[in-house]
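Hey, can you work out the whole structure from these sequences and the hints?
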Amino acid sequence: MARVPFITAAMQLTIILLLSDVSEAFFRHLCHGEVGMGRIDPIVTPNQVSQHVHGIHGAQNMALDVTTEDLLASNCTSCSIRQDKSVYWAPYLYFKHSNGTFQIVPKVGGMVVYYFTEKPADQPDSVIVAFPPGFRMIAGNTFKRTMYDGVASQQKPPNRKTWTQFDKEQQARAQMMVGFNCLHYSAGWNEDALTRPTWPDKPFLDAACTDGIRAELMFPSCWNGELDSPNHMDHVAYPTSARNGPCPPGFDKRLPAMFFETIYNTPMFRGLDGEFLFANGDPTGNGYHGDFISAWEDDVLQQAIDNSACTNGLSSGEQSACPVFDIKPEEEVVTCKMEIPETIQDERLDFVDTLPGKVAVASGPDWAPLPSQIANPESFPSSDESLNTSITTVSGTSSTEGGPVGSGTAIAPAPQSVSASSTVAASDPTSIPATGPSASSFTFIQPSPTAPPYPTNTTSANDAIAMPIPTTLVSTTNSHEMTTITSVSTDVSGAVVEWVILHGIETTTVYVDTAGRVVQSPISAPIATARPVKRHRHNHVRARI
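Counting with mature numbering (1 follows the signal peptide of the UniProt record, and there is no 0), you get residues -25 to -1, 1 to 520 for the letters of the sequence shown.
The hints are simulated quantities; they were obtained by calculation from the structure and are not laboratory data. Ideal Cβ placement from N, Cα and C applies to all residues, glycine included. Keep in mind that a hint or two might mislead.
Claimed, not checked - Listed below are the simulated DSS-like cross-link pairs for lysine-lysine, each with C-alpha atoms no more than 30 Å apart in a straight line:
| hint | residue 1 | residue 2 |
| --- | --- | --- |
| 1 | 71 | 177 |
| 2 | 312 | 177 |
| 3 | 228 | 94 |
To be verified - Derived DEER-like restraints, expressed as beta-carbon distance ranges:
| hint | residue 1 | residue 2 | range |
| --- | --- | --- | --- |
| 4 | 329 | 146 | 17 to 23 Å |
| 5 | 302 | 277 | 16 to 22 Å |
| 6 | 42 | 321 | 53 to 59 Å |
Rendered as structure tokens:
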């Protein structure tokens, strides 16, 4: 499936603005899918459950503790360059509703990892070396809650052309490498990359960021030759500019400057009371961070760096332009999934009363407190337990080709519980409500007005596969997407009979016509909704049953 236009626009915007003062030598690595999601961080907490939830992209063999050899042995990667078995991860974004419920904010288009390889203008003969096997690093600091540690006069990063000596210190420079770009493709004005270092407030988001927020993170590119350091940061340093200029003493080796770019679907929460915050309890964005373990096959990355078709100053940045890379299609890489560690397989991540790991929300200005201990996973409730998720829906804008970001339905807390079953006319699929379970299961009844009571066939979410929407249904008005949780039952004629909800654990999608007949097999999808079918993608399975 072709890359959707709004993602392409975001990429082009980054390229134009981030590269405006240097020659363009880079390639974009498209990590279309998440290989996993959970409290996993083999750099900071090897062999242990991590403090907070991360979204992980890359090699299938990712685990609580993993070596480069383990990663290289992976059968697949959720990123599109087959020879890259590295892993990339960052904390997930949540929305905290006014009743205290935390809901996951979906990503749009996975993650894009830029590899910048331009050389300093005054050092044209310098060498860019590939990340070696076993190399790992972290950018950003999960405990920060203000920029520049609360120096009031330095809360907005100055233009890099007017940096003072203070701005050039590593600590200050590192904080400038975090950004949150307000996306509004049709507004006629755009922000430079890495110029908004703090998460914007919700009224501004609702009014201005009509296409979502792009979280941005630049990694250091100056290196002392060590594979790692005790804090996983001191073996690397930033050059005098964002990714260009001289390196500080002791860091004479130059790596590709790596840049994470992740778009979040914040518009689906427009009009709802609450606040956005990251899984590490950070509503400011100053604690945004990312992790990387290198596992490129052979010398493929070095070949790409040295190949003028891949990373020369006039390169397009398209990974497909590089003859070194073996590119896998999006529909293939999104099916690559890691094995979630047994200790957290059943941990609830979405619609929870506290952030997973019992992470406390810390708004600053002081640094967030160190956790006294890492909380044990909370599993899904048993049949006699209930979730505090009495909810109603606020529909967002479809995430479609040619359309704005904003797919899915945001779930807003309702003042009262909703009935445990609902009968909905099949002629109006958009009227199907999405409600939270008050017991162990919840059922939507969607009868077909013409279907006899044939035996039912149930498709489990565990059997769901990712597949594109049929071209015959694109932009049609007589077909709707029905998203349910856990399973859907149909009779032998293909009519939907029953929609089963189990705690929001995992989701499936079925495409039906206005008579309620199934027109496509279930695929992974976000929370319960119904909308006219337009071209889009799904990759939002969040946990196991």
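Find the hints from earlier in the document that the structure breaks and name them by number, from lowest to highest. 2, 4 and 6
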